[in-house]
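Asks: Below, each chain spelled out in residue letters.
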Amino acid sequence: MVRTRLYRDGVLVSEGFPVAEVSDHVSDPGNVVWFDLCAPTAADLESVAEELGLHTLAVEDVFQEHQRPKVDVYDSHLFITSYWLHLEDGRLHSVEVDAFATRNALVTVRESEHFDIGKVTARWDAAGALAKNGVSFLLHGLLDYVVDAHFELVEHFDEQVEKLEEQLFEERPMTREDARRMFTLRKNMAGLRKVAAPMREVVNTLFRRDQLLATPEMAPYYQDLYDHVLRVAEWTENLRELMSNLRETHMSQQGFRLNEIMKKLTSWAAIIAVPTMITGYYGQNVPYPGFGSGSGFWSSTIIIVIASGVLYVAFKKRGWL
Amino acid sequence: MVRTRLYRDGVLVSEGFPVAEVSDHVSDPGNVVWFDLCAPTAADLESVAEELGLHTLAVEDVFQEHQRPKVDVYDSHLFITSYWLHLEDGRLHSVEVDAFATRNALVTVRESEHFDIGKVTARWDAAGALAKNGVSFLLHGLLDYVVDAHFELVEHFDEQVEKLEEQLFEERPMTREDARRMFTLRKNMAGLRKVAAPMREVVNTLFRRDQLLATPEMAPYYQDLYDHVLRVAEWTENLRELMSNLRETHMSQQGFRLNEIMKKLTSWAAIIAVPTMITGYYGQNVPYPGFGSGSGFWSSTIIIVIASGVLYVAFKKRGWL
Amino acid sequence: MVRTRLYRDGVLVSEGFPVAEVSDHVSDPGNVVWFDLCAPTAADLESVAEELGLHTLAVEDVFQEHQRPKVDVYDSHLFITSYWLHLEDGRLHSVEVDAFATRNALVTVRESEHFDIGKVTARWDAAGALAKNGVSFLLHGLLDYVVDAHFELVEHFDEQVEKLEEQLFEERPMTREDARRMFTLRKNMAGLRKVAAPMREVVNTLFRRDQLLATPEMAPYYQDLYDHVLRVAEWTENLRELMSNLRETHMSQQGFRLNEIMKKLTSWAAIIAVPTMITGYYGQNVPYPGFGSGSGFWSSTIIIVIASGVLYVAFKKRGWL
Amino acid sequence: MVRTRLYRDGVLVSEGFPVAEVSDHVSDPGNVVWFDLCAPTAADLESVAEELGLHTLAVEDVFQEHQRPKVDVYDSHLFITSYWLHLEDGRLHSVEVDAFATRNALVTVRESEHFDIGKVTARWDAAGALAKNGVSFLLHGLLDYVVDAHFELVEHFDEQVEKLEEQLFEERPMTREDARRMFTLRKNMAGLRKVAAPMREVVNTLFRRDQLLATPEMAPYYQDLYDHVLRVAEWTENLRELMSNLRETHMSQQGFRLNEIMKKLTSWAAIIAVPTMITGYYGQNVPYPGFGSGSGFWSSTIIIVIASGVLYVAFKKRGWL
Amino acid sequence: MVRTRLYRDGVLVSEGFPVAEVSDHVSDPGNVVWFDLCAPTAADLESVAEELGLHTLAVEDVFQEHQRPKVDVYDSHLFITSYWLHLEDGRLHSVEVDAFATRNALVTVRESEHFDIGKVTARWDAAGALAKNGVSFLLHGLLDYVVDAHFELVEHFDEQVEKLEEQLFEERPMTREDARRMFTLRKNMAGLRKVAAPMREVVNTLFRRDQLLATPEMAPYYQDLYDHVLRVAEWTENLRELMSNLRETHMSQQGFRLNEIMKKLTSWAAIIAVPTMITGYYGQNVPYPGFGSGSGFWSSTIIIVIASGVLYVAFKKRGWL
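Chains as they are written, first to last, in the working numbering: chain A, 1 to 321; chain B, 1 to 321; chain C, 1 to 321; chain D, 1 to 321; chain E, 1 to 321.
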């Protein structure tokens, strides 16, 4: 299905028409046009850029890797870069979602089909009454969906932290697998922060400074979006703090366990070494009292039993065993 | 009992009247109306929203989880989100307390009955002389109660830190239970910070920027509230520092204890191993001096006693035993 | 002695008169009146508040615990809270020192007699030429004394850090007592920071924004006070850094010592275990070469001496002994 | 080849002419002149400075070591210092790249030939259409190349961090070589941050405040450059976080391994020590049950096998072996 | 030699005249007078203060210890405090260097002769052409010399960090002496930061806000000085990061070494303990197979050799030996 839409006076007039028709619609300022490009070629973008008068730099940025979320303000249009995130087999993957916004057209450019643009159009349809705000409305729907993905991730991380906390005081020591899970969680949280933190500036730029898209009706919605972005940032910060707590408690547990092991080791070593010493004494080829006689057997056995018993009780009392 | 109140010229005129009557009272700007909703349904809120002209976004926010304390400023009303906290079995629980404030009406929305609104009304009654400041006065009473709960928590945490400090230099090493208590305390402090830190911005927004509710007489009271919020923040920060001190001293103690144990282990191992070696010597089936004769018995016994004694004294002197 | 003073045109006219006379003097704007309350009752303060027209909130704050240093600006007066600190048996104690400042009256309210107000009056007398600046002059003297106490504490802490540094590289390992001293020092530094850091804002508010007390002649003195406050803050920060250095070096020393002990342990264990193994061999009831003959004795003895000697020299060479 | 260029109306008119001709061209404000100095002597620079009226301080700065990236704004010219970075045998090396920019002349001063100015001229030629923006265009090309080098380094560091992460959970413990690699990586990252962080201010100064070179057409290009600089900074920050994660996980692994080793040690020590104790018992020269008879042999052997077996199974069950 | 100078119209007119003549020269606004006081008495300063109309507070500050670098702006003069640093036997020492600057007079006050004022006058002479800028020129020369001392220290610290880095991966473990060197280096770096960080504000205040001394010609020189101060700050920060890297890598090495030692310990313990157990078996006084016969000797010897060999190879393979 072709991802195109035409709104007029806040009403969805047409949908799914060929991209070629876009140029006809966009010339009429009363129209609001949207279309979507998924993993476009340079040529695809070139023709769109010409149509809508987009700046070369913005078009180039679509193909540059390792971008950061941002808004570039050009004379006649905005270029927005954001990152949608999802987990796959526990690893964080990001999909670049770009948007060109002119006064009456929005072009969304997805890096791959992993980002389901259908979910965005569904949102637009659900909030139909606001559609008369044009591009500002469409852009809000797009960014709201992106930020919600960030939010869901933080929620997921929160659950994982909770799980790790529950394990922390269990008897069994942490396995290599647990360590890996903890490591990956922290790595993923850093990955989220990398693309979520700059969203603050992105949304702030859009709803504060920009005259191009401002409509008073959308203002609270952008403020709400900004609030979501803040929540993601603050929650992530909170999770970092909880992770530090976890990590440091775990380290301290590890030290605690080492001390426990050393005490046990010492205790048992003593309980075994002392009888060995005694039998050594009675194994000497010298005429010690009881050498070769029953009294020797009894004294040796009794000394061994008493020495071991005393040691065992003493260690038990001090809590070493 | 129905939680409703009607003030006129700073005097409590009526109380406990049905929510249905609210609409009659609220239309008269000389009246100040309050009513409370506890865990309302969407329908409940919908009807209130219509009555008072509340923005859809604000109403939606009541039902969204994982909010952060904030003030949303709409044209005709404010929406305030805050979190009241209490400890249950050592775990921190939060209750969302929202408020819609128009020029002459305050609607409080509690997440559950855990938050005792009766305590708030009691405060209002105690400070009756200020009641003529209308919604500004009522809102102050509400937030003051919420912030006081934060403050009591910090006081409680302070006591717990004090207790942990006292344990730190006791003879007995920290148990698993102590570690868990320390972990939970730090987790709870992070939980408090999460909802207490944004209160700074909330109170600041209310008493600095907002024309809607500003009355000169309430200004010092909001400033006082702001001061409370700051105290919570600074005190929590101070407790964090004390906790780091605790944690790091504890880690260092743990290392200290490990060294002590290792020294003891070494000492006793030597005191046992040396006699064992000597008896081994006298256990050889070769004609060493004293083999099979009394002189052998005496020399063996004397060497063992002297060797052990010398080692014991040497270790005692170096402080290893 | 009653703590009251009356200045007129910068001259100390009367001193030690009953508090009851204050109301007569204060009504004349040409007079500057000071009096001191130590641990006053609510009734005491109530009557003063009425006399001087103090705000209820300010009066309430005197009795609230866990305040933070601050200036509250009311229409006709200022309320200043600060904390004087002193060490007792190595523990930090704070005494709340409040002040109400109107245009021509200063009321100082001390929490206890630990704070010696006589030292403040002595300062006032020493700087007599500035007395014509009225309340601004008196307040400066008070705060200067409070901040000097903070400063003396930092100096004291600096000496303690220096002492700990000297101990760091001594032979003997840190005792439990040293650990406690380090812990307490850090705790005290946190306690100082808690009440010293907000003084920046207090002094800043007084000498920048406030019209009530501003006199050009006092300006450099308040700036000087501000500079003292900054010095306390910066020096404390510097001490924190030195403490981290201390703590981390100490941790690393501890690890170093553990390694040393482990090496010694290993070395001696080997030196004892090898002869034991050899005597074990010669203790077997099998006809090994030299069994029951003098050659066996000599070979056993020689092997033991050589093995032990070689091990001892080898370990000595590697620096393990 | 002499590195000189003359542009007129955005067209490259002449190239490679002797530096001596520069003075003729530069006097005509319609011309834009560039020339390059590689590791110049003081005399070289002196003559250029006189020609173009450069400030003594700027000229001196070229020869001072340990500079930081900066823009110095003089009345008639700018002096820009930046650092180009490259890795050689894993070590980070920096090459100082300075530039004097007057209204119609750019002088680039390279510390050494390591910085390939040919790459910069190639960039200028590739973006020929912008050449009519004169010095602003030329300077952008230069800085863009420098910042790209920073960017490539971060990408390289990212790959190295990724590799280290993969090794983290491999069976084999980290070798000294791995530790060194980790150490060098972190050192290099600090080295990059040292010269990349101040670039923010450099680019910001150029595209915000400076009237000298401002052309509206270049504005988006400088903004794009600024964005690159930000990306370098944010990515480096992100890598630091990942490195902390790595380092702390590694430390925790190390503790984990130590515990594992201690457990194994304890277990095997017990499994060996217990039979030794039993044989000691049967080696005594006293008439224990079975002394000198077959029953003794059997009971000794059976006890040894059972004791060892029981210990082995017990330790296996607890996961110590 | 008396340290006095008289400039007129940027020319050094007279030098080394008695301080008593200063008052004659200073009254003529066309003159610029400098004189130096080294470790002056209170009386010395008193008379100078009277002559030049200096504020009492500024004069008092000269004698107060534990100052911080600062500029105090008085109506007719500035008071500048800075600290010159030098290393003696590896310890950092600071010398307070104060300056009073009026419109046409500069008084420098050194704490001790360690600060060589001759180096400052030499700088003044070297930059003679700027002397017509009067006090602004003289003050710049003074501060430039102070900041250069800071800069040289950072360079020295950088070299020391480099040296420590080289040692880090050497075979031999860190000695107590190395630890002390590391500790002292970090302490010295904190000492430098203490007096270097506030210089930013000092220089900033002088070249931005101050009308008293401003001359357009000196502006780039003060900006250059500010740049030096920034470099010191940034470089110190960079060194801190490198030190953390060093310290943490060192800690990790220590843990690594402990693990290595433990493995070796375990391995050798096993290689010795197993033969001991076997000889114990053959030492039993029970008729085991081979008891008292040649076959016993051979079987015992062969089992011992094989067991030890197998263990040695096994441990070698796992890299424990």
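One should not assume that every hint holds.
Covered stretches of chain C (chain B as the covering partner; in silico rule of three or more C-beta atoms under 8 Å from a C-beta of chain B) [as the list claims (entries may be wrong)]: (1) 227-236; (2) 249-256; (3) 263-273; (4) 285-298.
If you're looking for bench data, these hints aren't it; they were derived computationally from the structure.
Glycine included, each C-beta is placed from N, C-alpha and C at the ideal position.
Asks: Compare the structure with each hint and give your call.
Replies: A quick look at each hint next to the structure:
1. Under a criterion of three residues with beta carbons nearer than 8 Å to beta carbons of chain B, the stated coverage of the segment 227-236 of chain C fails, only 0 such residues being counted.
2. Residue count for the segment 249-256 of chain C with a Cβ under 8 Å from a Cβ of chain B: 4. That meets the three needed, and the coverage hint holds.
3. Note: the segment 263-273 of chain C has 6 residues with beta-carbon separation from chain B under 8 Å; the three-residue rule is met and the coverage holds.
4. Here's how the segment 285-298 of chain C fares: 8 of its residues keep a CB closer than 8 Å to some CB of chain B, so the rule of at least three is met and the hint holds.
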